[in-house]
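Sequence order for the protein chains is D and Y.
The number in the working numbering is simply the position in the first sequence, starting from 1, with 394 added.
The number in the working numbering is simply the position in the second sequence, starting from 1, with 34 added.
The reader is advised that the hints may include incorrect statements.
[Unchecked claim] Mimicking SDA-like on lysine to any residue, the simulated pairs with C-alpha atoms at most 25 Å apart in a straight line are:
1) 525/D - 458/D
2) 1169/D - 476/Y
3) 1076/D - 271/Y
[Unchecked claim] Derived CB-CB ranges, DEER-like:
4) 204/Y - 1098/D: 29 to 35 Å
5) 807/D - 483/Y: 55 to 61 Å
6) 439/Y - 1098/D: 39 to 45 Å
7) 810/D - 98/Y: 54 to 60 Å
Read the hints as simulated data drawn from the structure, not as lab findings.
Everything numeric in this text was worked out from a predicted model, so none of it was measured.
For every residue, glycine included, the Cβ atom is placed at its ideal position computed from N, Cα and C.
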Amino acid sequence: MNTQVKPSSTEISGGVHKPRRHDSAHKHVTGTADYLDDMNAPVGTLHGCLGLSERAHAGIRSMDLDAVRAAPGVVDVLTARDVPGVNDISPSARHDEPVLADGQCQFYGQPLFAVIAETRAAARHATQLAKIDYEDRPFESDVVAAMAADYPHVTDPLTLAYGDAASALDSATNRLQGEMRIGGQDHFYLEGHIAMAIPGEDDEVTVFSSTQHPSEVQHMVGHALGVPSAAVTVKTRRMGGGFGGKETQGNQFAAIAAIAAKKHNRAVKIRPDRDDDMIATGKRHDFHVAYDVAYDNEGRIEGLDATFAARCGFSSDLSGPVTDRALFHVDNCYFLPNVKLASRPMKTNTVSNTAFRGFGGPQGMLGGERVIEEIAYALGKDPLEIRKINFYGENERNITPYHQIVEDNIIARIVAEVERTSDYQARREAVIAYNKTSPVIRKGIALTPVKFGISFTATWFNQAGALVHIYQDGSIHLNHGGTEMGQGLNTKVAQVVADEFQVDQENIRITATTTEKVPNTSATAASSGSDLNGMAAANAAQQIKVRLVAFACEHYGVPEEQVSFVPNHVQVGNQMIPFPDFIQQAYFARVQLSAAGFYKTPEIHWDREKGQGQPFFYFAYGACVSEVSIDTLTGEYHVDRADILHDVGRSLNPAIDLGQVQGAFVQGMGWLTTEELWWDDKGRLRTHAPSTYKIPLASDKPKIFNVELAAWSTNSKRTIRRSKAVGEPPFMLANSVLEALSMAVASVAEYRVCPRLDAPATPERVLMAVERMKKA
Amino acid sequence: MNMVIRDELRFVLNDEVVVLKNVSPNDTLLDFLRLNRRLTGTKEGCAEGDCGACTVLVGRLASGGLTYESVNACIRFVGSLDACHVVTIEHLAAVNGNLHPIQQAMVDHHGSQCGFCTPGIVMSLYGQWLETPKSDAATIEKVLQGNLCRCTGYEAIMRAAEAMGESSNGDDKLVVSHEAITRTLAGLKDGSRVEVSGPEGTFIVPASADDLADVLEAHPKATVVAGSTDVGLWVTKHMRDISPAVFINNIADLQTIAEDAHGVTFGAGVTYSEAAEWMAAHIPTMGAFWDRIGGQQVRNMGTVGGNIANGSPIGDTPPPLIALGASVTLRQGTQSRTIALEDFFIDYGKQDRKPGDFVAAVHVPRLGKGEKFAAYKVSKRRDEDISAVCGAFHLTLDEAGLVQSVRIAFGGMAATPKRASAVEKALMGNPWNEASIEAAVDAFEADYKPLTDWRASAQYRMLAAKNLLKRFYLETQGEAVQVVRHSNAPQMAEA
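Work out the full structure: start from the sequences and follow the hints.
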């Protein structure tokens, strides 16, 4: 850090609304940013490896682990019997997810035992020596098959209803039905799961965990160890990516490491191999969507009835709120005057699916967009025309299927702008003209909008804490409940604190998230990180400022309005006091220079039984135009161009927000194109490493990639500096890629038929859709 | 032969000469860096050479002098590093802490988010920048094929890569130290055989091809490791023991590229990267095809010989090489035999290679005048993916425009890379026109019974194979029928 420059008295560095670099950028590029596996481990640290089941569903008659125990370097082999507390890490309080399987396995890859050895290699080698006697049971790994086999729901389904869908469908001007399959997605965070537990005195343990949710890890470790939460400390400096995959899925590794650490009084680290990580931890839910829609001759939706069934896996995990959020986003930007939406969170014999950027929202929204696309093809119109005619109004036609009024609708403006700047209309004409003369290569273009609801739908999660200390030298220690996973949360929260005190951001030391400093935190999830923690940190800073102002008034004998925080100084009357000097004076005057801040999101409420309420504080908007080319001989394709306009309110940090939008789009594109999860007939996931599971490369990003933030936007709600959440909403901008591929396919049948292109649209799915079009 | 045997491994790690006696054949460079040396800037993302988080540069004395290449440390064996210079991310920043221009560009353009892939990306860019600071987008994308980033969407990284072109490499550490490192490595490469034995097994680095022949006569069951892009995974994923291992990646007389009027002979140790230039220059479509084998790191490590020797039905090089009529030389002791490449592949997991045999060289004939050729790879993701279907077509028409000879070979369609002999037969002697193609495509069903797996269904593979023949036909008619990202994309051409 550069401390040579004299603090400016005109402008601070790193205040809000500035394109500030990520606070760890220097460390990232030099390899000096420490991830958990890079930390110096205590002397004598042991290493764990999980033994995974090799059946999708089976009783376990016996586990012969003698050879495992006898293998070189092995210290212990833990099974369910070794869990001293409760053998459960279910985040849903349904007690349906054991730390280690007990008596039966419910998916191929479920952890059965844990080998603890002197080295990671020894643990991995020994794990292979187990002999498990299985009693095979029938299984279902697919969501549609699970419904056919009358599998249960893992959690209560939800129904949203507004108006009268049944009557609207009965009296439809036009009506159509269809189905859609939407694939899941592996998070593929570059840093896999990892936990290291260090035993302490009495019942205490400290766990370093790559988690988005230190508080939950704390509670789960306590639960599994049978000790109070107060005995467990969880620390997270940074993750090498999370994307929802580390919201609940780190619990298992942390709990097992802690159990072994306490049992052997040695530090224990567990870092699963990439394949084990992908096999044994949950992913984005696959969905099956069935829709029945009524619409008039203009394409205005009269009524919609749709069911969203999800492959939840063997346990509930977060499937309840994920499938709920899917339903919350079926409407996207469209007013549905008569609607009934139902979720079916299906149990399957697969790994329990979990949070992933968008949290069900993308699947719900994609199903809704398919309905729009169907209407457009049925009426022979540009889907954009159907979209516009169905947009929520600003003052009417603005009630959602969950009865919340959309108060901050800016979608018409967003879409109009990107339609113009991307030259959508002319390019669409050019695409259609091109397709007339090109027999093999076909192009497609699509504009899709996004409206995404911000807040945890579980209202109580919408709270956050922060801890701010100012030391005698004026340097500031900042801690908050959010976790840093690359999204730049620490940078943004530090910008807020810098802005509050009007000091250079270099004066603010951001520290690792720990349950010791801020308790009862929510997961850094639901795009809420800076909304919640930024507000909590601002609150802490404001508490200190109130004390400082009172001190200044008393000390200098001035009224309150003559005390202000100006760049790197405190102005008292006509006097400019450098911030550190002022702080020292305050210290000598015994002013408390530390505060715990708190924030809870106002206005929101949600009655799940009734399916009504105001689950979201506000909405974030965006729109994207994507253009693609496909090869109708092989189904190979390429994204030629994408133009994005995205709303982040008044951006706290336009550089970081832009990166979030770009990254989310490409990740969304991967979900809808090349990222395919494939289970074989044994219920075994076969795409469990980067050799078989293909996330986008640099050569896959749109060749022309124009990304803009809506500079004019502001949040109508009082969020932190009027900014909006950015993590998840832009993920769904990639819906335009799927629809553009679909248009290119549709050209084969002169756009007469909706191709019903399912996701992910691998080259194979594209080619098979082309073949369908040839017969249509 | 009276070979001098050295029982220690010697290489340069950043600024330091490392001498190791206690190395297991299974030890990977990544674990060595992270666990033994605490150089934790190099990350493990996948341990299978697909994500690039562990990218380091390895310098070696190649035919053109000291060359630095990006490699995946996770599947590179320590034993394969004799007389090499390993350069990690820790070597980049200046002593005074100033960032390297590439690092500075990554910071300035917000090229990192979570930062975990970042050191690997910096190292891949560094490898390219050392060669030439300024590169076009197509080149950068190629350089980064083996580096996954899950956060940024790559746009910011591409901007950073563009910006790095503004800095010259003239006073870069590795440029300045070029002569000194060359001398050091030449000194380490003392002509002796390296043989290191420990409790966990033995590995041998033969001094020459003849020495390799001797070693394999003595250890016919040894694991021969060239690029380790396949064998690496036996260790990191299947936890197999590869002892005794024989590392052949740095044997000068296996790395020769000899050209004559007939064609070219690649020594078995020639990497994909080293073979790329000849392929691109002499065989139509092969430049672009070659760039889609693995990622850059894999092309820098993997060898054409290894791609053949491992017998995979989905290797990228056998289909085009079979279509070209390539042959392979196998050696055992002083005896060599040369067989047609297609005859080398007998069945799944079975090749015409006896214990102690090793692939010594691959011979690729030039195309004759007027011959048409194309190789196509279809995969789920365009780059750094394994083929769902890989097909190559080699056609000669007579003066009347009838098919005089045709060789078609496919990967991903059978248990081995295999000729489409029924399709060839259906085409032979017929006019080269749409009707002949339509009449021939169904013969693919006689040639192949492809499988369904996670890469593609049997149905798709069959349809794609048929359509690739159609594509080949259309391209011979001068039609552009492939999706193009950059304008230097595959073009049909005649030899």
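Hint check:
The straight-line distance between the Cα atoms of residue 525/D and residue 458/D is roughly 5 Å, inside the 25 Å bound, and the hint therefore holds. Among the hinted pairs, residue 1169/D with residue 476/Y is consistent with the structure: their alpha-carbon atoms are about 19 Å apart, no more than 25 Å. Between residue 1076/D and residue 271/Y, the direct Cα distance comes to roughly 21 Å. Compliance with the 25 Å bound is thereby established for this hinted pair. Between residue 204/Y and residue 1098/D, the C-beta spacing of about 34 Å keeps the proposed range 29 to 35 Å intact.
Roughly 57 Å separates the CB atoms of residue 807/D and residue 483/Y, a value that falls within the hinted 55 to 61 Å. As the Cβ distance of residue 439/Y to residue 1098/D is approximately 43 Å, the hint placing it in 39 to 45 Å holds. Restraint check, residue 810/D to residue 98/Y: a C-beta distance of roughly 58 Å satisfies the suggested window 54 to 60 Å.
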